[in-house]
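> For reference, the chains in residue letters:
There are 2 protein chains.
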Amino acid sequence: MSQKSIRIIPLGGVEEIGKNLTVFEYEDDIIIVDCGTMFPSEDMPGVDLVLPDAAYLYKNADRIRGLFITHGHEDHIGAIPYILRNFVCPVYATELTKALIEFKLKEHMMDDKVKVTCVEPGDRVKAGCFTVEYIHTNHSFAGAAALAIHTPVGVIVHTGDFKIDFTPVDGGPCDLNRFAELGSKGVLALMSDSTNVLRPGYTMSEVTVGKSMEQYFNDAQGRKRIIIATFSSNIHRIQQIIDCAGRHDRKVCICGRSMTNICSIAVKIGKLNLPESMTVDVSNLKSVPPEKLVVITTGSQGEPMSGLSRMANDTHDRLKVGPNDMVIISATPIPGNEKMVSRTINSLCKKGCVVVYEDVHVSGHACKEELKLILSLTKPKYFIPVHGEYRHLMEHAMLAESLKIPHENVFIPAIGTVIELNKSKGKMKETVPSGEILVDGSGIGDVGNVVLRDRRLLAMDGLVIVIITMAAEEGVMLADPDVVSRGFVYMKESEVMISEVKRMVAEYVEGADLSDRDWNALKAGIKSMVHEYLWQQTKRSPMILPVIVEV
Amino acid sequence: MSQKSIRIIPLGGVEEIGKNLTVFEYEDDIIIVDCGTMFPSEDMPGVDLVLPDAAYLYKNADRIRGLFITHGHEDHIGAIPYILRNFVCPVYATELTKALIEFKLKEHMMDDKVKVTCVEPGDRVKAGCFTVEYIHTNHSFAGAAALAIHTPVGVIVHTGDFKIDFTPVDGGPCDLNRFAELGSKGVLALMSDSTNVLRPGYTMSEVTVGKSMEQYFNDAQGRKRIIIATFSSNIHRIQQIIDCAGRHDRKVCICGRSMTNICSIAVKIGKLNLPESMTVDVSNLKSVPPEKLVVITTGSQGEPMSGLSRMANDTHDRLKVGPNDMVIISATPIPGNEKMVSRTINSLCKKGCVVVYEDVHVSGHACKEELKLILSLTKPKYFIPVHGEYRHLMEHAMLAESLKIPHENVFIPAIGTVIELNKSKGKMKETVPSGEILVDGSGIGDVGNVVLRDRRLLAMDGLVIVIITMAAEEGVMLADPDVVSRGFVYMKESEVMISEVKRMVAEYVEGADLSDRDWNALKAGIKSMVHEYLWQQTKRSPMILPVIVEV
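Note that the protein sequences, when read in sequence, are chains A and B. Note that the working numbering numbers the first sequence so that position 179 is 190, with each residue one more than the last. Note that the working numbering numbers the second sequence so that position 162 is 173, with each residue one more than the last.
Take these hints with a grain of salt, some might be off.
A pair counts as met if it fits within one copy or between any two copies, since identical chains are not told apart.
Computed list of lysine-lysine pairs in DSBU-like fashion (alpha-carbon distance at most 30 angstroms, straight line) [what the hints assert, rightly or not]:
{"#": "1", "residue 1": "K550", "residue 2": "K126"}
{"#": "2", "residue 1": "K440", "residue 2": "K137"}
{"#": "3", "residue 1": "K331", "residue 2": "K262"}
{"#": "4", "residue 1": "K538", "residue 2": "K137"}
{"#": "5", "residue 1": "K362", "residue 2": "K415"}
{"#": "6", "residue 1": "K196", "residue 2": "K436"}
{"#": "7", "residue 1": "K390", "residue 2": "K538"}
{"#": "8", "residue 1": "K534", "residue 2": "K70"}
{"#": "9", "residue 1": "K503", "residue 2": "K282"}
{"#": "10", "residue 1": "K390", "residue 2": "K303"}
Read the hints as simulated data drawn from the structure, not as lab findings. Predicted model, so just to flag it, every value in this text is computed and none were measured.
Just chain A, same shape as in the assembly (with noise of 0.2 angstroms):
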């Protein structure tokens, strides 16, 4: 009699590093671990946002038990919002992610709608046929924690993403005690972070980043005002911002959207110590001497919008940098993000700003050291890597092979791969419904391929729209034709071209057998027609659109 198993399908979060959601089921219960977002890659132009797409789910609502998040960053819990629309469920979190998640339900007006139950470390969840059970472990987000998944067949652990910090800012280094006594008692199968499994060694401690900050208040001691930029949801990092600053008798400014929200957030519950007397609202800095002052924004990526470019860029309303600020990057760009921090730099340097990013920051992921003892602790008997880009996983599934789980029991699934397990065999199995949908403005999924093909057309060269008015009945022309450009040419200087144009599509309507009124035919007639031209004219392609207006 073949056993029953656990059937484990990512729907985000692997091949990939964002939109974290991966669904268990067993018979007819399904549990969700994270539900995060991702950000648009450069062939979206105009997305906002990428979800999961989790068809899957809706398709299954009524066995889902809850949602387990593991913690607060968007590609966790920036899916909510989107994806708890079509169904209902318990939500789980330790205590900051679970007020992140409530901020973000009000500005979603949904906070009525989902409701989020607060779990400490040490904790256990029944839902269905499984029990959830929270790890404490360390990352750049505080209250990260790993899950051990209780279910029929066995224990399944989920690292979360997670480091192993033995002198973090607060909160205790990761349980590693918790993982060993899982370990002896038996692991079916680790899922574990894979996003610095290229990184030898061991990540560094937090509490590093604050012997640093500490050295560099010290060189700008009595000269300079303090400009920081690093993410809002550190609040770790934070603090020893705000404890450097409070040692070295200097206000705090906290500045920028999303940095004054969180840290709102993490003082009301008590995770940021931040007194009342040490603040200075960005609209009162004049209040304070320059050299007593740390301002503490957001912008560590260099995005356009964000507190430090506007300040880099003079846009700020509040706040003009110069010879006088020292300007400290607490963050290393995410890939793709590295010619917006330069930007930044430069333009923070040609200011004549002091600008550090040396020793200012440390990764919250694993080393290679770390994901071999966690690999270690929990013995799993399968080993599935998450949490990467593919060769992340692969590396992640090498390294598991090399402290001897045998080939056959490490599977890399893709997203949407459903891999079934129990104790005595593993296997990865079919493919249920499963990508992603795009975000824009207010439309969820309303933007696919054939929009986006447009957009990155439109954005090579522009576009051309040819207008022919023409009389419904007679089928003749019953003006010149129109030529309207955007983003193809300086039309001012292309009014021979564009005259061209307008005398071929006259020359071509007019010869044109319109007796069964083709109007599709005449349209691909002229677009090919005016695209060959414009093509030999400028070698390039911009959109035809030819428009027939019947009167």
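Please arrange chain B on chain A, whose structure you already have, making use of the hints.
Below, chain B alone, put in the same frame as chain A:
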């Protein structure tokens, strides 16, 4: 009596890495150093190339005595076929550089018009009042040179792009002795490569790459085909690969358009030693067992149309890659290309290739200690950092000051800034007309800010065209308004919204006072009304294009 001065005007290559072009003028004589292009930035969709604006040269064409090229990279020679359309002057370059320029001129059918003269290190060329001396350096290009420009007011040393390689693959180490001699006799000004000024220490020798290659060839021995992507212009790198292939009894296949072009030029002039007997044509790969083959190809930057990208994406017509391939990416991503390179690596890994990119590349640019050495040897009175973004120039300036060059003798120019120097004083003066000229297809300079702004707008949210047909005389609508859209929403799923646009436009036109037939006012009204409605419906701002057809 005030001394006459030399004027140095960078028209490109400062506050940016790319499109190097520097003007030197003394009384009636002008010489130019380098004439390069730059890749368009991501906010220039559809643009193929960026040139320096050389209007200043066109105005002074009769005074130009020569163009001196330091080496044959695109950012030093790419603009020659564009800029030398507008004036005639002799061009000087070392052997491989000359061959590449001539190839380029031929492609542009300008080989009759422009004459390139070959110079050797040590040669001196007289050009008006200037004498330009070529000095051998090391770089990722065979035959790179620094220039000692002997002028009536003193010697100006321009390093070009350089590093100091004591064990180069060919051509001997950088001629430090000549730099020292010039320094002992007195150098008026040094202009030096700032690319790697932020990196401490020394750049590794090119031969270290050969040693790593050897190791990887050993690993692959008898088992795997080896595919190596690198820069086609790095002849020394390619020579090392060929030599390695020879030692390991492998044949060499040169693959990719620019790789084939440059290699065949280099072989022809004797700069690359690739015995006929060792080569295999890409059309004939089946004739050699894979484990006896090395493929050298383009695509080290993940460029979509390159050899390696096509192999990774299964669109290469001659070469399929898989588990029997070791792919060596012998380059580091140029800032901005990180994501494209990652994508290529992921695709290759998914196909089962072993992908190697560690220790198989060294930079072609000098690091901090090398830059100090050149500053120390040449002992210039004035220092002008070049070839770098602002932060590089600033760091290099600070480095020079740390070596006791007085602050007032260090100049950080912007593009177009005139630096005036003589033996007693130096200063930054006015700015000459300068900037960037965009090449798109066959058009040079006909794409500018307006066209680019339209392309960016079109890319973000697409466009909506509203067509209104009016009777020219009576000022009444002759047909219902029509709406055409691209890149905005799926039209089929947005019928209600589009109908509403048609309805509101019809209502608006019917209610408008058209007695003065002020179509512009009518268009503006329609535009803002439709914009507002669509924003409220979708939170998107497509470009709205009202078109009025008069019959």
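> The structure should be examined with respect to each hint, and the outcome stated for every one.
To see whether the hints hold, each was checked on the structure:
no., hint, in the structure
1, K550 x K126, "between (58 angstroms within a copy, 28 angstroms between copies)"
2, K440 x K137, "within (27 angstroms within a copy, 75 angstroms between copies)"
3, K331 x K262, "within (18 angstroms within a copy, 62 angstroms between copies)"
4, K538 x K137, "neither (63 angstroms within a copy, 56 angstroms between copies)"
5, K362 x K415, "between (56 angstroms within a copy, 24 angstroms between copies)"
6, K196 x K436, "within (19 angstroms within a copy, 81 angstroms between copies)"
7, K390 x K538, "neither (64 angstroms within a copy, 65 angstroms between copies)"
8, K534 x K70, "neither (43 angstroms within a copy, 47 angstroms between copies)"
9, K503 x K282, "neither (61 angstroms within a copy, 49 angstroms between copies)"
10, K390 x K303, "neither (52 angstroms within a copy, 42 angstroms between copies)"
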